[in-house]
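Novice: Starting from the known structure of chain V, fit chains A, R and X onto it as the hints suggest.
Protein chains: 4
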Amino acid sequence: MQSKIRMGMIGGGRKAFIGAVHRMSAQLDGLIELSCAALSSDPKVALESGRDLMLPANRVYESYEQMIAQEKQLPENERMHFVSIVTPNNVHFEPAMLALENGFHVVIDKPITLTLAEAKALKQKADETGLFVCLTHTYSGYPMVKQAKEMIKNGDLGTIRKVCVEYPQGWLSQPANSDNKQAAWRADPAKSGISGCMADVGTHAAHLAEYISGLQITQICADLHIVVSGRALDDDGNVLLRFNNGANGTLMASQIAAGEENALKIKIYGEKGGMEWHQMEPNNLIVKWLDQPMQVYRTGNAYVSDVAKFNTRTPSGHPEGYLEAFANIYKNFALALAARLDGETPSPFMLDFPDANDGVRGMAFIENVVASSKSDQKWYDFKI
Amino acid sequence: MQSKIRMGMIGGGRKAFIGAVHRMSAQLDGLIELSCAALSSDPKVALESGRDLMLPANRVYESYEQMIAQEKQLPENERMHFVSIVTPNNVHFEPAMLALENGFHVVIDKPITLTLAEAKALKQKADETGLFVCLTHTYSGYPMVKQAKEMIKNGDLGTIRKVCVEYPQGWLSQPANSDNKQAAWRADPAKSGISGCMADVGTHAAHLAEYISGLQITQICADLHIVVSGRALDDDGNVLLRFNNGANGTLMASQIAAGEENALKIKIYGEKGGMEWHQMEPNNLIVKWLDQPMQVYRTGNAYVSDVAKFNTRTPSGHPEGYLEAFANIYKNFALALAARLDGETPSPFMLDFPDANDGVRGMAFIENVVASSKSDQKWYDFKI
Amino acid sequence: MQSKIRMGMIGGGRKAFIGAVHRMSAQLDGLIELSCAALSSDPKVALESGRDLMLPANRVYESYEQMIAQEKQLPENERMHFVSIVTPNNVHFEPAMLALENGFHVVIDKPITLTLAEAKALKQKADETGLFVCLTHTYSGYPMVKQAKEMIKNGDLGTIRKVCVEYPQGWLSQPANSDNKQAAWRADPAKSGISGCMADVGTHAAHLAEYISGLQITQICADLHIVVSGRALDDDGNVLLRFNNGANGTLMASQIAAGEENALKIKIYGEKGGMEWHQMEPNNLIVKWLDQPMQVYRTGNAYVSDVAKFNTRTPSGHPEGYLEAFANIYKNFALALAARLDGETPSPFMLDFPDANDGVRGMAFIENVVASSKSDQKWYDFKI
Amino acid sequence: MQSKIRMGMIGGGRKAFIGAVHRMSAQLDGLIELSCAALSSDPKVALESGRDLMLPANRVYESYEQMIAQEKQLPENERMHFVSIVTPNNVHFEPAMLALENGFHVVIDKPITLTLAEAKALKQKADETGLFVCLTHTYSGYPMVKQAKEMIKNGDLGTIRKVCVEYPQGWLSQPANSDNKQAAWRADPAKSGISGCMADVGTHAAHLAEYISGLQITQICADLHIVVSGRALDDDGNVLLRFNNGANGTLMASQIAAGEENALKIKIYGEKGGMEWHQMEPNNLIVKWLDQPMQVYRTGNAYVSDVAKFNTRTPSGHPEGYLEAFANIYKNFALALAARLDGETPSPFMLDFPDANDGVRGMAFIENVVASSKSDQKWYDFKI
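Chains as they are written, first to last, in this note's numbering: chain V, 1 to 384; chain A, 1 to 384; chain R, 1 to 384; chain X, 1 to 384.
Chain V with its partners taken away, still in its complex shape (with noise of 0.2 Å):
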């Protein structure tokens, strides 16, 4: 490339938790600009965000609809290469398929929209279209998350027989005042969907879960709860596992877990030994043996694998967090952008982030776990 990749950000102005995460992972390697944003559905809000970024004013818009028809207009060495979608999940499916049509990839958060429908809409376009699309499951960006799924992969644990998840947050233990806008849309069925805890954090969890072990869900039995009364949507959920190669397992997800702050963990156990991964300790991976003393793998050391390796940006020991697992994704989308704009293939290092696919199957988790829960039969299937 002679030039950064150019991105134009949906969403995220002031006060906006996600959107400045977004930027940040997006502006780490030196691969992305910010080009041009429409940062708020308020028009004033979005002109105002704009110049807190130092944008150009012209590339400022009041709205997504406006930055695409626009950006279109420009020549191509200068209009944005895609779209950053960091906006509630309400307004995920219709930028997204906009900006598909109009020939722009596509960055956005998860969950990937408000509905299963919507997601194999979305995905069937950027099959139609060639484009990129790329889901923000921040968690699979981190390097000791794919050294574990290297080292299943590679049969180091044997076959795998169990996995448990769980992601306890304790943020939303109280009912929230109404000044926490994080808290009101998560809680808004007309933002965020069907439900809350599973489609905030429960997503990331049965992702994680698929993403290490390479197995699929193929049956829940789940028992979902409104802890805090006067929610419309759960913030609290159990639910048992059972996966396509014979596994079980568990995954519990809750807002309601007073006191834990980001919790997500992993147990995976296989024939011949187990693997644990804690996102609040995100450089360690602990390996235990049936036979031999427990193992840590840790990022940036010279045995880890080639992925892991391509994935860290530190020496040993100068520890990477939540925004580098971010901007792994960023990058890896960035590399294989820039690939194919270049005429090159992009290689499996630079694929390997999180896509319409996978963004198809969060949907499902999430519509099939709230059915589940609802129902009395104990085992339903995962459909898609």
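What the hints contain is simulated information worked out from the structure, not anything from laboratory work. Values in this document were obtained by computation on a predicted structure and should not be read as measured data. Honestly, I wouldn't trust all of these hints.
A pair counts as met if it fits within one copy or between any two copies, since identical chains are not told apart.
Said to hold, decoys possible - With a straight-line Cα cutoff of 20 Å, these simulated EDC-like cross-link-like pairs (lysine to aspartate or glutamate) come out:
hint, residue 1, residue 2
1, K265, E281
2, K120, E94
3, K309, D291
4, K4, E33
5, K378, D291
6, K72, E62
7, K181, D291
8, K4, E48
9, K265, E344
10, K374, D156
11, K265, E150
12, K4, E271
13, K378, D342
Specialist: Same frame as chain V, now just chains A, R and X:
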């Protein structure tokens, strides 16, 4: 007391594991002496094992029936005060009943019996005779477990909303070879009962959840597995839980979690905070708050509760372990028994050991969880 | 500011380690853009490296002298605001002086210069010109380090009595092979100065000890070693410390601590409690009290100090790492510079980055510690 | 043996701390029985304390002189085999000598005596009589400490280059109030000797460093402090170390490290890797390698060395603690004594307990470290 409490051991001969644990735990505090024993169902092994333990020859018996009969003939200031039953599960009920019928108190390893019906009969006999039945649910003996129970009882966490307990072990990850005595009897329905993993470790997990939280399980949804083919009993399982105050939870127990040692962990969440305790780092009680820094309560400090102190032997930083927790059960039992022998009323701290009622709940757990797992019904009432 | 702060980089071309770290850190927040560079002392490498970074050809310079001269000719709203010097230690002083003499602010990797005399000269020039000199002592950028400093300043621990800092690395445990560029220059006195390990990591440890405690080292007793034979400079050392308030301490630094990654740790004890911070788990600040449970302060929580919050980008439980700490130094520097460019007074939080004064103390540490190690005198005054 | 080994305790009456630890440790394995005692220098307390322990009245003595004299008159198969001395340091030498002179073996708490001269005299008497003197340096009794020693002896780490040991406690952070019996005698030179902190915990640290590494300290540079004003003896100190193979090291010991419990830690680095052990998590031995993932060796696993297994009582994951480590010293001593009484040669594993020679080195450590601290000379030879 003018003399030590006298113990007669049933089982626990050469090569037995848990018998040695009982002896070390009983002897630790100098309150109990091993006075006599029927150490094996094989009379020859029983006698040899007695010599190993330097017991006087006339107090080494060929069978528990003989021991109970002959000890009863000894003068009161010489004969054993209680039997300690450390045999496989199928040899729990009969010696316990015989002991009670002959006026001896009983310490018994968990699970209390082979069936729920036996457990109820034993409890009834204990109630009738007024003799103590003490059940060695070891993990309730740890000081930080008692600290957790106390803080929850005091309302420090507010109403409890969620209890997640897990007990993964890996030692049965492969088919046991025939010379592993521990593995052999546990996998034999005739000796172990209708469950393997859930009887052996699941009951500990369930007891711990109820002991700390002060709640009772009222409904379950169980998914048990025989993962290693050829086994007759479950070696792994996951259970959804509901408690009598409306709280929900999960229980995972496994003996095929390859690489795990004895990784019992519990997390309990209330309105105001959460707690976490790991058996393998037992002197830490992690307490997480909604709006203050996480705390780590540690065994042996001045700030812990009286009940935690009562169950502690060494100053803070001098780690206590499994044997000390086990010994707390024996010590409290011995103090309660000594008080009664001295005509005094045992204090609540002395009476803080698991008893026949816990045994009944444990057997009910086993029977309900096996039935639930076989059932297509989603929620199964916890019946006693 | 209407536009980003413009950075010109000196050093940091292909295969350089720390240059990439500086670029990622500078870019993370979108406040700074890399505008120009002299990336290598080899003009060919400098030009190729500039292309790698997609810099405009006319802003890629063959030498830092050229860059400073030509940038000075550019219009004020176009030319770089500051240079970032990421070369080996022997190429710190001259470009820094030249930049200051030509009106450019300076960011510089530690140690600030090759000698104490140079450091003093640079500080004097900074004072004369009123330009910023920012020194990247990374570890002072971590939010929990700032939290520790704040709590000590507030007197939470009472008078500080003892400070123990250690910084073991293992990457120089064996004779370096010749293609390890990082190892090579650090072992070369002409490029590294009179010390190896103490200059490279010991200075970080000393800075951290003084930064957090608010104290100054006044006397030392040093024992430096060349453990791997054939080296010209120390690769290991231990130092006894005395501080200006009477506190004592220890400093251990090593690059032959085989198996260690980057294990900087500090423990500080006062009358009322102690603190512990580990760079490899940087989001935990462990606070131990005389009479209350240990606390763990964690990055991103509502209860932390304002200065910790000011240096945090993600919510609690979303781990921040080395690059974020590094970026805090750049961010604070950029905010201070932007404020000044806007004619405003930078806030104390903005000015919270290491500067030329820290650089002078760091060079004094190196010179004193080397002299003390050679001396038979037990206590050596820390002279500047 | 046809009967248990018989112990006579000197000291350890009501309210004593370490006496109870000795009794629990001695009794744990059923090899030793408390047969008689002189529990206090106050005859009344001695008698009452004997009743507390349910000793027969005729074996409770008013003084150790009386105990030794009268026990000697008892038939060989009845009289005590050894004395256990658990008094303050000033009452170590005389009872130990008297016991040896009268043919009794000796177990003694550390430090072995009040002065180096006494220690040498005791060692000489032990050598002359051929009786055992066993010194309870508890921390060498942990299985993972023995695993570390074994791996280093086997050359797993290559030549040892650096040993860093620290032993911070916080319990003397404030002036002791007069009713703290433990604090009182330790701060009294008449009872404790010429050192406080270094005698009480520094000796443990020095012993551990030499025990694991197999090296000997040859030179020191010490900096001791009385931090809490009013004390007569050091409560804190830092020492630079040099060992007989050229390795260097550090030793920090403190009793004013506010908030610390009993945080003995050691790190040892060799050419090929490093090891780390923390007394407060004693079942982990962390082993770090130059080019492989870090390993955690854990007590009770099949992969550990025979000597670690010999000193382990419970399966992996059932944590052992301080009392088990202490009990290993008693158990090995008892097995060695039993073997000798049976006319057999004790095995090396039985003889693996600290002895009079360790006692002499410990007293030399105390005297050298105090002298070095007072000296202006930088390096002080470790003289015996």
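Novice: Confirm or reject each hint.
Specialist: Evaluation of the provided hints:
1. K265 x E281: For K265 and E281, both the intra-copy (10 Å) and inter-copy (17 Å) Cα distances are at most 20 Å.
2. K120 x E94: within (13 Å within a copy, 61 Å between copies)
3. K309 x D291: Close across copies (15 Å), not inside one copy (28 Å); limit 20 Å.
4. K4 x E33: Answer is both: 6 Å inside a copy and 13 Å across each meet the 20 Å cutoff.
5. K378 x D291: For K378 and D291, neither the intra-copy (37 Å) nor the inter-copy (38 Å) Cα distance is at most 20 Å.
6. K72 x E62: Only inside one copy: K72 and E62 sit 16 Å apart there, 39 Å across copies, limit 20 Å.
7. K181 x D291: between (51 Å within a copy, 19 Å between copies)
8. K4 x E48: between (25 Å within a copy, 17 Å between copies)
9. K265 x E344: neither (37 Å within a copy, 46 Å between copies)
10. K374 x D156: For K374 and D156, neither the intra-copy (39 Å) nor the inter-copy (33 Å) Cα distance is at most 20 Å.
11. K265 x E150: within (18 Å within a copy, 28 Å between copies)
12. K4 x E271: neither (46 Å within a copy, 46 Å between copies)
13. K378 x D342: Neither way: K378 and D342 sit 52 Å apart in one copy and 55 Å across, limit 20 Å.
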